[in-house]
Amino acid sequence: MMTYIDYKTVVPRVAIALGVFLFLMMPVFTQNQATLSVFILIGLWAIAAMGFTLVLRTGQFSLGQSAFLAIGGYTSAILTVNLEWPFWPSFLMAGLISGMVALLVGMVVLRVGGIYFSIITLALGEIIRIIANQWEGVTRGARGLITSPPPTLSMGFFEINFNAGPIPYFYFTYCLVAVTAVIFWQIGESRLGRSFAGIALNPVLAEHQGIHLMKYRVIAFTLAGVFTGFAGCLYAHFLTVITPFVFGLWQSIQVMIMSIVGGISALVGGPIIGTFLLYFLGEYLTRLGGAGIQPLLFGAVVVLVLLFLPKGTGLIDLWGKFWTKVVWREKEFEFDEVEE
Amino acid sequence: MPPAGIWIDGLIQSCIYMTMAFGMVLVFSILGILNWAHGQFYMLGALIVYYTITAAGIPFPLSILITGIIIAGLGILVKKIIIDHIEGDLYVGVATISLIFFFEGGASVLFGIEDKGLSIVLPGVLTLGPISLSYQKLAVIIFTLMVMTAMYFVLNRTKVGLAIKATAQQPDAASLYGISVERLSLIVMGIGCALAAMAGGIMAPVYPISPFMGGIPMIMSLLAIVIGGIGSLTGAIIGGIILGFLNSVIAYYLSYLSEVVLFLLVIFILLVRPQGLFGASLK
Numbered sequence: 388m389m390t391y392i393d394y395k396t397v398v399p400r401v402a403i404a405l406g407v408f409l410f411l412m413m414p415v416f417t418q419n420q421a422t423l424s425v426f427i428l429i430g431l432w433a434i435a436a437m438g439f440t441l442v443l444r445t446g447q448f449s450l451g452q453s454a455f456l457a458i459g460g461y462t463s464a465i466l467t468v469n470l471e472w473p474f475w476p477s478f479l480m481a482g483l484i485s486g487m488v489a490l491l492v493g494m495v496v497l498r499v500g501g502i503y504f505s506i507i508t509l510a511l512g513e514i515i516r517i518i519a520n521q522w523e524g525v526t527r528g529a530r531g532l533i534t535s536p537p538p539t540l541s542m543g544f545f546e547i548n549f550n551a552g553p554i555p556y557f558y559f560t561y562c563l564v565a566v567t568a569v570i571f572w573q574i575g576e577s578r579l580g581r582s583f584a585g586i587a588l589n590p591v592l593a594e595h596q597g598i599h600l601m602k603y604r605v606i607a608f609t610l611a612g613v614f615t616g617f618a619g620c621l622y623a624h625f626l627t628v629i630t631p632f633v634f635g636l637w638q639s640i641q642v643m644i645m646s647i648v649g650g651i652s653a654l655v656g657g658p659i660i661g662t663f664l665l666y667f668l669g670e671y672l673t674r675l676g677g678a679g680i681q682p683l684l685f686g687a688v689v690v691l692v693l694l695f696l697p698k699g700t701g702l703i704d705l706w707g708k709f710w711t712k713v714v715w716r717e718k719e720f721e722f723d724e725v726e727e
Numbered sequence: 043m044p045p046a047g048i049w050i051d052g053l054i055q056s057c058i059y060m061t062m063a064f065g066m067v068l069v070f071s072i073l074g075i076l077n078w079a080h081g082q083f084y085m086l087g088a089l090i091v092y093y094t095i096t097a098a099g100i101p102f103p104l105s106i107l108i109t110g111i112i113i114a115g116l117g118i119l120v121k122k123i124i125i126d127h128i129e130g131d132l133y134v135g136v137a138t139i140s141l142i143f144f145f146e147g148g149a150s151v152l153f154g155i156e157d158k159g160l161s162i163v164l165p166g167v168l169t170l171g172p173i174s175l176s177y178q179k180l181a182v183i184i185f186t187l188m189v190m191t192a193m194y195f196v197l198n199r200t201k202v203g204l205a206i207k208a209t210a211q212q213p214d215a216a217s218l219y220g221i222s223v224e225r226l227s228l229i230v231m232g233i234g235c236a237l238a239a240m241a242g243g244i245m246a247p248v249y250p251i252s253p254f255m256g257g258i259p260m261i262m263s264l265l266a267i268v269i270g271g272i273g274s275l276t277g278a279i280i281g282g283i284i285l286g287f288l289n290s291v292i293a294y295y296l297s298y299l300s301e302v303v304l305f306l307l308v309i310f311i312l313l314v315r316p317q318g319l320f321g322a323s324l325k
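Residue numbers (this note's numbering), protein chains in the order written: chain H, 388 to 727; chain D, 43 to 325.
FYI, nobody ran anything at the bench for these hints, they're computed from the structure.
Note that beta-carbon positions come from the ideal geometry of N, C-alpha and C, so glycine has one too.
One or more hints might be untrue.
As the list claims (entries may be wrong) - Interface residues of chain D toward chain H, partial, derived using beta-carbon atoms under 10 angstroms: (1) 76; (2) 133; (3) 187; (4) 190; (5) 214; (6) 257.
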């Protein structure tokens, strides 16, 4: 039997693969600490944005995703600094505890859903931030906990030294991004992902089809919590300090905007693209200088994206349109006009 | 028992949260969206009052009226240019959230980020036995009473008010009776934004003015709406009063942890009674 290779699906995929490959070769081209740090932070925020998108898939709008970054970061920092645990167990504990908190909060809060869920998660984020700021004995308050980098890993013929520079962090971060992306992508393709979409589209119908609403909402929220917790742990150990000021309502809103501008039709691609573009925009605008220019233009860009790419078709949908319209020059299928 | 100053402070705060929450609920009941940038209209109102008084020398009451009119126009522009052209409640919400940054950034670029004070307006203190109340705070209380009475009469005695109530209950039926829902939503957006701006203007002498002053009143009035029940005007007023007093009284005992207590209280109320204390009487 002949197998056709449909070049229209292969070529975009090859383009994406090439882009990812070139991106992962980045440390070969540049050893610049500042550039690599920006990419590491982008990776961490992208994980948080993917978590947000997974929760949004079930129709719930979480305004407290940065709380899980904070929980992960503080768990790991407290375990390594105050209790002197080694890095790797506390890394796992960061994800575990963050997931536990998400599970408990989700089991209580997702019952109400909708706008109430948004407001409760907003309150949760603020509570975590205030506690981190006030509990001087454990979190050292506003001065922050000083964390140490992960220990050197030696694998016989070569060793990974996290003290040397940002390159090991770069690969570690993007391993984590890749694991998160693969897991979320597989969830999106599986029965679980279709259940999420069904719940978001029509909760009543989904419940009548035998989909337990609470169960799937809690699963999505917990998964998002676990991976955001891992990202938070890495965040704390990469910056070597964790203060309450990096996690607040503004950061949660940033995660939300990154995810929505990127496009929520794709669980993985949208948040990653959105994080990349908006983080670069933010960094660039910060260098323009002048207080206030950055939020002004940031807000304007987001509003423009929402105005010109309606109904949640974020930037990721432009990718498909780019190939069909610009490269292959296909005509879009149009419905016949109904004459009245 | 906290001293009288704490109670007066609570009263001032509840006046502000009440006025802002009222405007937000009004907008929500007609447009069906939460305007997350409401606190920024409050901030712009305070800044405009500051500049009309210090730069143009316009008297205080007049400058508050002018502010209300300007910000009502701005709110109508936001509705016409942005809200009307975005589909889906979720995306409108995101757009208004990003307007927060737009307005805060714009205000910092135009007016600078340093704190400004307007304590020259209405100096003097009213002393009633053990209680002393500055005229600035008295003005806030009188203003809120006036606005609430005016809103009560507008909503219950005028044609526009009845149209607003009818549209909130049943938009399709209201438009069948010849009410232009489109024009009404513009009017409501104007009223809501003007209320926030005038609240900011009347508060300008009491608190320092900066481009970032709108965040906390915004969150507090959001919580007030949630406590009172989204869509209920009475709920917004009662929620504002509860939050204003609780915020200052708990802060007297617990200082910084008061916000944690407030948030926990709101979470508790939502879990026990998700529709809020006053259900959804208007919508």
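Taking the hints in turn, this is what the structure says about them:
Against a cut-off of 10 angstroms between C-beta atoms, the interface hint on residue 76/D holds, since the closest Cβ of chain H lies about 7 angstroms away. A cut of 10 angstroms between beta carbons decides the hint on residue 133/D: the least distance to chain H is about 5 angstroms, and the hint holds. A cut of 10 angstroms between beta carbons decides the hint on residue 187/D: the least distance to chain H is about 29 angstroms, and the hint is violated. For the restraint placing residue 190/D at the interface with chain H, the shortest Cβ-Cβ distance is roughly 25 angstroms, beyond the 10 angstroms limit, so the hint is violated.
About 22 angstroms separates the beta-carbon of residue 214/D from the nearest beta-carbon of chain H, more than 10 angstroms, and the hint is not met. At a threshold of 10 angstroms, the smallest CB-CB gap from residue 257/D to chain H is about 8 angstroms, leaving the interface hint in force.
In terms of the numbered hints stated before, the structure departs from hints 3, 4 and 5, listed from lowest to highest.
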